[in-house]
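Participant: Given next are the chains, with one letter for each unit.
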Amino acid sequence: MSETFDIHFLIQTFFVALSGVPTALIVTIVSLIVALPLGFLLALTRINRIPVLQWFSQVYVSFIRGTPVIVQIFIVYSSVPLFLTSLFKFYHVSVDVYKINPIWYAFIVFGLNSTALMIEVFRSAISTVSKGQLEAAYSVGLTNLQAFRRIIIPQTLVVALPNICTVTINLIKATSLGYAMSLQEITLKAKVAANANYNYVEAYIDIFLVYLMLCSLVEYLFKRYEKHLRKYKTVAA
Amino acid sequence: MLEIKDVHKSFGKNEILKGVSLKIDKGDVVVILGPSGSGKTTLLRIINFLERADKGHAIFDDTDVNLKTASKKQIHRIRQKVAFIFQNYNLFHNKTALENVTEGLIIGRKVPKKEAVEMGKNALDKVGLSEKYHAYPSELSGGQQQRVGIARAVALNPDIILFDEPTSALDPEWVGEVLNVMKTIAKEGTTMLVVTHEMSFAKDVANKVIFMDGGVIVEEGTPKGIFTNPKEDRTRQFLRRVLPEDYMVYI
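Heads up: the sequence lines are chains A and B, in that order. Position one of the first sequence corresponds to residue 1152 (my numbering), numbered consecutively onward. Position one of the second sequence corresponds to residue 11 (my numbering), numbered consecutively onward.
No wet-lab data here; the hints were simulated from the structure. The model shown is predicted, which means the values in this text are computed figures rather than measured ones. Do not take every clue at face value.
Unchecked claim - With a straight-line Cα cutoff of 35 Å, these simulated DSBU-like cross-link-like pairs (lysine-lysine) come out:
no., chain 1, residue 1, chain 2, residue 2
1, B, LYS131, A, LYS1342
2, B, LYS23, A, LYS1378
3, B, LYS120, A, LYS1342
4, B, LYS136, A, LYS1250
5, A, LYS1374, B, LYS136
6, B, LYS234, A, LYS1282
7, B, LYS197, A, LYS1378
8, B, LYS23, A, LYS1282
9, B, LYS241, A, LYS1282
10, B, LYS78, A, LYS1282
What the hints assert, rightly or not - From the derived model, a few chain B residues whose C-beta atoms are all more than 12 Å from chain A:
no., residue
11, ASN98
12, GLU109
13, GLY114
14, TYR143
15, LYS213
16, ASN239
Built from N, CA and C at the ideal position, the CB exists for glycine as well.
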């Protein structure tokens, strides 16, 4: 531990931590791009009781929810390279597995993780939109896809949005665990900077502030979007 | 125009329809009466493929469609001809009244938007909602919502409109306005198949009344025939239950 509180270092490292934001955001966004449609579809398999698939998503959700993210990271980060090495060997691909950017593992871990959470978010949201509206859409000549895109999904989103916001914010915070696979994100960058002179307190304050700012901004954007989507519910039913 | 042949349907062990056949001509207003659980609603839903029959055929004009095995394409074609009014209105909650009406025109039928809006406004005018084009369903009363539902069906200019207990979910104060709209479109020559408990509508507007019980058609005839001189015991018992005591005398 450093002996004095170093304001100069605090300010300097703040920007170091800030430089990790793009990585954290890219991981978050890619994970959401995977998780939102996949979670929605798997939620539908459960609502419509599609054999095998509904069983799969149920087991999937309990596996992901029942294990810590850090353990999931350890498993993916240690097993996937092994698997790839033997795969590349078999097909004579000359790629050094250990030079793969850890961000790809982050995509896998956080994508899989958020998908499980989204299944649960959508499962409750979809069931709030009455099935009758789907039937009405069919009866006026909409196809299944059109009915979902124009009638069901917009309403589902409004209901799901607060929970999607929670999942997103948890996801941003969870990317801090990426340091376990040397992902160059906020936490890792600040900690590395602190290593030189043991200015951990300053670094932790910086990390704290950066996450707080990032999450507050995301929360604000979600609120704005929710307001925009909610226009048809201005009058209580 | 529309003929239904030998429709069967079971839910699990419960046999809801045990071979129902009926024929509707252009301009007919057919009312189906019957106690709850007699299969009226299921029959209507099967005609619009909201439910698959276990067996049965529908013949629209000259096209014969198997109600059990119809392809997506056939279903789509039939839904172009048949509109449906739901007991719970089932309006799209994320769309205004006008958008509810134009949705099927623009997306389902590929009508140009400008034209569709015009048609939508006409349909809403017809049901007396000229003031409510841009209101969302949550801003409308039950009666107004059901009138939007009717406008949504009418705008599609279907060959036949199926009404599934259109007034059953309404507060009594709104029943009258919905029935009036139904009367108006019936007078315009719209072909209608109506499941309802509104005896006055059956008596005044229908030209054919069907009485269903236990998954079969027990009796059918003119309103006058059914109400004043029912031939079957079951019909008589049902009417005695649902009609005021001296009602039959006055028909």
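Participant: Each hint needs a verdict: does it hold in this structure or not?
Facilitator: Consistency of the hints with the structure:
1. LYS131(B) x LYS1342(A): The hint is violated at about 64 Å.
2. LYS23(B) x LYS1378(A): Distance ~48 Å between LYS23(B) and LYS1378(A) Cα, so the pair is violated.
3. LYS120(B) x LYS1342(A): The given pair, whose Cα atoms are some 59 Å apart, is violated under the 35 Å limit.
4. LYS136(B) x LYS1250(A): Violated - the C-alpha atoms of LYS1250(A) and LYS136(B) are around 70 Å apart, more than 35 Å.
5. LYS1374(A) x LYS136(B): Violated - the C-alpha atoms of LYS136(B) and LYS1374(A) are around 40 Å apart, more than 35 Å.
6. LYS234(B) x LYS1282(A): violated (38 Å)
7. LYS197(B) x LYS1378(A): violated (45 Å)
8. LYS23(B) x LYS1282(A): holds (24 Å)
9. LYS241(B) x LYS1282(A): violated (40 Å)
10. LYS78(B) x LYS1282(A): Holds, because 22 Å separates the two Cα atoms, which is no more than 35 Å.
11. ASN98: The assertion about ASN98(B) is violated, with a minimum of 6 Å to chain A.
12. GLU109: Answer for GLU109(B): violated, closest chain A Cβ roughly 10 Å.
13. GLY114: For GLY114(B), whose nearest Cβ neighbour in chain A is about 3 Å away, the distance does not exceed 12 Å, so it is violated.
14. TYR143: holds (14 Å)
15. LYS213: holds (28 Å)
16. ASN239: Check passes; 37 Å lies beyond 12 Å.
Consistency with the previously given hints fails for numbers 1, 2, 3, 4, 5, 6, 7, 9, 11, 12, 13, ordered from lowest to highest.
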